[in-house]
Amino acid sequence: MYSIVVVPPPTSEDERNRTQHRLAPGERITFGRTGCGADLPIAHEGVSRRAGEIGAQGAFWTLSNLSREQTYVVENPEGAGEHIKVGPGRLDAPVPFEFSRIVLPAAGDLLPIEVWAPRHDYLHAEAGGDNAVGETTAPAFSVDRTKRYFAVLAALCEPRLRGEPHAPLPTVDQVVDRLRPNWPAASRTSVQWNIDYLAVKLRLKPGPGEPDQGPRLNGKKESLVSLALRFDLVRENDLLVLTAAPTDRLGQLGRSGRLAR
Amino acid sequence: MSEPYAIDVPRGYRVGVWEVRAPIATGAFGSVYEARRTGDLIGEDLPRTAALKFLPTGTGTPRQLAHLRELVDREVELHRRLKRPRLIRMYDTLTVDDPSRPALDGATVLVLEKAERSLASLLAGTPRPGAGPLLLAQICEGLAQLHRAGWVHGDLKPANVLLMKDGSARLADFNMAAELEGTHAYTPAFSTPDYTPPEVLWSEIDERGRRIRPSADVWAFGVLAHLVLAGSFPLPGTTPAARRDAAASYASGTDELRLSPQLPDAWREIVRACLTRTHADRIDTAALLHRVESAAGTGTSPRLPRGLLPQRRRTAITVGSVLATVAVVAAAGYGISTWAGPDAAHDAKGSAAAYGASELRTDKGVPVRYRRLIVDSAHQCALPEVTPALVAAMLKAESNFDPNLSDPSVPGGGEYGIARWTPAVLRWWIRADGAPASATPAPPLTPAQSIPAMGRYLCFIGNGLKSSLPGDRRVLIAAAYRTSYKKVNDAGGVPPKNRAYAARVAHYLKEYTPPGGT
Chain L
1 MYSIVVVPPP TSEDERNRTQ HRLAPGERIT FGRTGCGADL PIAHEGVSRR
51 AGEIGAQGAF WTLSNLSREQ TYVVENPEGA GEHIKVGPGR LDAPVPFEFS
101 RIVLPAAGDL LPIEVWAPRH DYLHAEAGGD NAVGETTAPA FSVDRTKRYF
151 AVLAALCEPR LRGEPHAPLP TVDQVVDRLR PNWPAASRTS VQWNIDYLAV
201 KLRLKPGPGE PDQGPRLNGK KESLVSLALR FDLVRENDLL VLTAAPTDRL
251 GQLGRSGRLA R
Chain Z
1 MSEPYAIDVP RGYRVGVWEV RAPIATGAFG SVYEARRTGD LIGEDLPRTA
51 ALKFLPTGTG TPRQLAHLRE LVDREVELHR RLKRPRLIRM YDTLTVDDPS
101 RPALDGATVL VLEKAERSLA SLLAGTPRPG AGPLLLAQIC EGLAQLHRAG
151 WVHGDLKPAN VLLMKDGSAR LADFNMAAEL EGTHAYTPAF STPDYTPPEV
201 LWSEIDERGR RIRPSADVWA FGVLAHLVLA GSFPLPGTTP AARRDAAASY
251 ASGTDELRLS PQLPDAWREI VRACLTRTHA DRIDTAALLH RVESAAGTGT
301 SPRLPRGLLP QRRRTAITVG SVLATVAVVA AAGYGISTWA GPDAAHDAKG
351 SAAAYGASEL RTDKGVPVRY RRLIVDSAHQ CALPEVTPAL VAAMLKAESN
401 FDPNLSDPSV PGGGEYGIAR WTPAVLRWWI RADGAPASAT PAPPLTPAQS
451 IPAMGRYLCF IGNGLKSSLP GDRRVLIAAA YRTSYKKVND AGGVPPKNRA
501 YAARVAHYLK EYTPPGGT
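Chains as they are written, first to last, in the numbering used here: chain L, 1 to 261; chain Z, 1 to 518.
Note that these hints are calculated values from the structure, not bench results.
Computed from a predicted structure; not experimentally measured.
Careful: at least some of the hints might be erroneous.
[What the hints assert, rightly or not] With a cut-off of at most 20 Å between alpha-carbon atoms, the simulated EDC-like pairs for lysine to aspartate or glutamate come out as follows:
#1 L:K220 - Z:E204
#2 Z:K114 - Z:E19
#3 Z:K486 - Z:E385
#4 L:K220 - Z:D206
#5 Z:K114 - Z:D433
Chain L extracted, bound-state conformation (with noise of 0.2 Å):
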């Protein structure tokens, strides 16, 4: 029942599977200096004793800026430098992105906290436009098609929306190929940072025996496929993202999160 994702900075330099916090709407979370008493420890001696509060509303969510002096600036990775700022004392603002970074500036470095907001809806394509209602029956699944992580999943789908139903499909590496043009700053890690998104995003069940994360990209990308195909969440002429010149929406900031490393 969580709506917000929060990934904290990374504290080793080769771990990729960091904890993630679950939020569920209502929820709250605190960020802070390790050894303070908050819910999500920062290991630097830079952050304030208690920095900051996450807190989960619905499908977006806002943050409290709890230290004395420093300006908070929330990023939105893949929105060409678009970015809010939080000041210090503010309590509560909203953030309407659906992948956000927090940087927090401390003591010359700036440490990243990511926040996923994968239960951002989406008009659907072929609706009449009024299926915001709750009284019409609407896909579970919201995508954004402007979105990176779209890209990624047209790209995984490319071979079999091509009239192959049982075409294997794009190793990581071939997508990062076939994505490059219209994104050049793409990479393994990039798209396979997006492949993990999007099992969250769709609420993918981890499949028997499967661990949660890791590696093992073969039978998450096999799945999201066939959920993305059988519901439609990718068509033919989705594919043309794959190939449009590339727009401010595709632009110029690396995915991969290169403040993380």
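For this one, chain L is given, so just place chain Z on it according to the hints.
Here is chain Z on its own, set in the frame of chain L:
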């Protein structure tokens, strides 16, 4: 509704023996049209009119959707395998073969029993309909029939409950329905947020779809019952998203369930039993049906002396093979407005003498033979002021319950019958559908004509009276019945020459209203 039709079928279009008439509705997946049977008696059991549901499954449609095929198959499969009296009937399936119309070619057409309207359209016009408990009992029966057969509906909501000509309810729209495999069924990952239980809201989904249990339908029933009886959703919030969040925080235990005070007590417990935080605590369908029937007064044993039932309602009993299929409920419960307020069910007698006892006292001389007419008449009107006690008090003041009253001397055509109707006025209110009768009714005017028309006219008056007028609105309505609501508005209250009449109505109103009532 102005939404574009998912499939546009021209009037007069022929599919099989059917000729398409007016559009009825359009949903997320297809469009429904009224149709008339043209061919003569090839299939003897086909009705003269039917509802044709067109689903765009053709290869040439721009909306060529992989999942649509699956949704259609589910619906057809359910209809083929299940025929139950409370489920809408499917007579046939056809495929359009018409290459000249690419948008229609290949469409699947389900030939379904034609309904009068949907519960959604009823609620849009009449929030908290008087027949609500009865309808809920029938909807619950439908769910029980479905669940007993091992299916889950998966998308129960007012738009998917259809009301037949006789006023009875049937479940329809089985695109999401799924057959149980053990304790679960897999349904396509579509849902209507306001009717989705919290455990399904953001549940995990695997390649076969979303796993749901029959208890998901039970939750939806709880929401529906609250909506029908209290006129609002059980969870707070002005938008579906806000209500979804409220459902989530209720399920997580951070919030309590606060049901509308408008909900009658007997139903409060039922709705609570449906809207539990977890599916495991939810009441099972058989037990739910039992409680719903007892609250609705449709009971498991025939309590109503058949002789008291108005003749025209008897036709409702002939629906399908009711007796043969459903042993749980006796036939008297079908299609008959037995409901008389939440407390009537507790009445040991439950007979005509106690009909509507919670709203109209039984010990003050209101003739038993008119009780049903009076109570039902008032229940046609959603205004809280138009009560059975008001109708009874007016009848007392008008004619002292004399059905043979005849007063031809009154200017304007005389006044006749138990409600002292002027025939030229009654003409406008005599028909149940609200349309004026083609001719002025001629006296004598029977109680069966006079009393139901009162509820409709009083409702009209109630809506015409200024809300700023001082005094008891019920008495103002009665005074306006004697003159007109315009005169009462102009006089700023009861006009002087109607004061004696108004005082008599007020007196009997007090006498007939049960203690605790208003």
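Contradicted hints - numbers only: none
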